[in-house]
Each structure stands twice: as C-alpha cells, then as structure tokens.
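Here the protein sequences line up with chains S and G, keeping their order.
Those letters in the first sequence? Residues 1 to 111, by this note's numbering.
Those letters in the second sequence? Residues 1 to 111, by this note's numbering.
Please note that the accuracy of each hint is not assured.
What the hints assert, rightly or not - Derived SDA-like pairs: lysine to any residue, alpha-carbon spacing no greater than 25 Å straight-line:
id	chain 1	residue 1	chain 2	residue 2
1	G	1	S	56
2	S	57	S	11
3	S	9	G	41
4	G	42	G	10
5	G	42	S	28
6	G	42	S	53
7	S	71	G	46
8	S	57	G	2
9	S	57	G	3
10	S	71	S	110
11	S	9	G	85
12	G	42	S	65
13	S	57	G	27
14	G	68	G	20
15	G	42	S	84
16	G	1	S	88
17	G	42	S	54
18	S	9	G	46
19	S	71	S	20
20	G	1	S	38
21	G	42	S	72
22	G	1	S	6
23	G	68	S	99
24	S	9	S	101
25	G	42	S	85
26	S	71	S	24
Said to hold, decoys possible - Estimated spans, in silico, between C-beta atoms of each pair:
id	chain 1	residue 1	chain 2	residue 2	range
27	S	98	G	20	44 to 52 Å
28	G	45	S	14	29 to 37 Å
29	G	51	S	52	21 to 29 Å
30	G	79	S	22	37 to 45 Å
31	S	22	G	26	30 to 38 Å
32	S	63	G	54	37 to 45 Å
33	G	8	S	57	46 to 54 Å
34	S	41	G	72	20 to 28 Å
35	G	28	S	3	45 to 53 Å
36	S	22	G	14	26 to 34 Å
37	G	70	S	98	21 to 29 Å
Rather than coming from a laboratory, the hints here were simulated on the basis of the structure.
As the structure is a prediction and not an experimental result, all values here were calculated from the model.
Backbone N, C-alpha and C define an ideal beta-carbon position, used for all residues, glycine too.
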Amino acid sequence: DGGITQSPKYLFRKEGQNVTLSCEQNLNHDAMYWYRQDPGQGLRLIYYSQIVNDFQKGDIAEGYSVSREKKESFPLTVTSAQKNPTAFYLCASSSATDTQYFGPGTRLTVL
Amino acid sequence: KQEVTQIPAALSVPEGENLVLNCSFTDSAIYNLQWFRQDPGKGLTSLLLIQSSQREQTSGRLNASLDKSSGRSTLYIAASQPGDSATYLCAVSGSARQLTFGSGTQLTVLP
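Okay, chain S solo, but in the shape it has when bound (with noise of 0.2 Å):
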C-alpha cells in the first residue's frame, strides 16, 4: 500500500527544545517537501528537497533544519529557535509528474 506517513500525528513541545517530525514516503518519488499551516491559513513551504543529500530553504525555515539521507525520508527538526512553533505541519513528495502527494500532517503544540 504505497503513500506518505507522517508520525506522530500529535506533539507537544517544551520550551527550549527540540523536536523532530517524521515523513517517510514509498511512492519512489525524488521530490520532498516541509510545509506549514497555520488556523484559516494556506500553507507555507519550510524545506524541500528535489534529490538524495540535497535540500533547499523555503520562505519560512528560519528555526527549522532537514536531513535527506535516504530518498524514502525527509525529517523536520523543530529547533528552540523557533519562536511560534504551534502549528499543523504536512510533508509531501512528488514525481515527474508534479503533482503533490501529501501524509496526514502533525499537529506540533508548545505548552
């Protein structure tokens, strides 16, 4: 059953720390994505990636860093220098084709 998994689907922060977001895709799509999505909002690109060990800066990735170790995942480290990290954040990947396919997000809540 191929798709885009996201885990975990819920997860609370402290202040000062960090987290990290799992995307793991089995479509064998070269192309992954990180996005934001803030209540009543569209979403906004942090991260993506277009091949193995190569990654580039969206319009919002101050506070945020990637990985791209292997083509089947792409991890979103949450850093302590984020300031407003409370958000739903949803991975995607794509092929040739272009279109995006997206997992089912994780909601990231700061207490």
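Given the structure of chain S, go ahead and fit chain G onto it with the hints provided.
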C-alpha cells in the same frame, strides 16, 4: 514574489447546486496550477493539475480552468453533494516546482 488569492473565503450552498471557486495569482510565469481538497485536521488530496500550456482539466463532477495571461483559475463543481464539504486550496508551481498556496475556500454543502 508570487501571491495567490482565493475568493470567497467561505461558501455555503444547498445540495444539488452548481458552484464556482475562484483563484487568482500575481505572476503569470507558472509551471502548473493545482487544486487540492482538505478535510478538517487532515492532509491534502490532489483534485486536478493543469499544466501551463493547458486551458482546463476535468475529473468527474469537477472542472478546472486556467487563464494564465490574466492570472486566474476557476474550479467548477457540478451538482454539489454534502460530501463535497471541505476546504479547497489552489496552488501554483514555479520553475523550481515549489508550490505557493492560497488561503483556501471553505465549502459547506447543506443537505
């Protein structure tokens, strides 16, 4: 910088009505335009993708049009059903394939 606007922000219609959702973008140099559906607390589902060289795409009761020169797209939903209730997001892709999203139209179809 590309900006995407969706009007209206919310729409409520009786079941069976045909409806149109609007999307406009400021930079006509796009690679493609995509329409997505998002149910509350869930990820995004791709509905239609229109390449920049195309004028429209159809899938079942959905028809999306693209007028690149005027920076506009419409999503037409025929014979609306309560199951169509969701938020509909428009996104445009630039040359690097990143998506810029609108804020969405929240649709409610009343039985």
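*Decide if the proposed pair is consistent with the structure: residue 9(S) and residue 101(S), CA atoms, cutoff 25 Å inclusive.*
The given pair, whose Cα atoms are some 17 Å apart, holds under the 25 Å limit.
*Determine whether the Cβ-Cβ distance between residue 51(G) and residue 52(S) falls within the hinted range of 21 to 29 Å.*
27 Å, holds
*Do the alpha carbons of residue 71(S) and residue 20(S) lie within 25 Å of each other, as the hint requires?*
18 Å, holds
_Pair hint residue 57(S) and residue 2(G), alpha-carbon separation not exceeding 25 Å_ = The given pair, whose Cα atoms are some 16 Å apart, holds under the 25 Å limit.
*asked:* Tell me if the straight-line CA distance from residue 57(S) to residue 11(S) falls inside 25 Å.
replied: Cα-Cα ~23 Å, so holds.
_Just to be careful, I want the Cα atoms of residue 57(S) and residue 3(G) compared with a cutoff of 25 Å; is the pair within it?_
Distance of about 18 Å is within 25 Å: holds.
_Check whether the Cα positions of residue 1(G) and residue 88(S) lie no farther apart than 25 Å._
24 Å, holds
*Using the C-beta atoms of residue 70(G) and residue 98(S), is the stated range 21 to 29 Å upheld?*
22 Å, holds
*Take a quick look at whether residue 57(S) and residue 27(G) sit within 25 Å of each other, Cα to Cα.*
21 Å, holds
*Mind checking the alpha carbons of residue 42(G) and residue 72(S) for me, to see if they're no more than 25 Å apart?*
With a Cα-Cα distance of about 21 Å, the restraint between residue 42(G) and residue 72(S) holds, given a limit of 25 Å.
*Pair hint residue 9(S) and residue 46(G), alpha-carbon separation not exceeding 25 Å*: Holds. Residue 9(S) to residue 46(G) sits at ~21 Å (cutoff 25 Å).
*Please work out if residue 9(S) and residue 41(G) have their alpha carbons no farther apart than 25 Å.*
10 Å, holds
Consistency with the previously given hints fails for numbers 6, 10, 17, 22, 27, 33, 35 and 36, ordered from lowest to highest.
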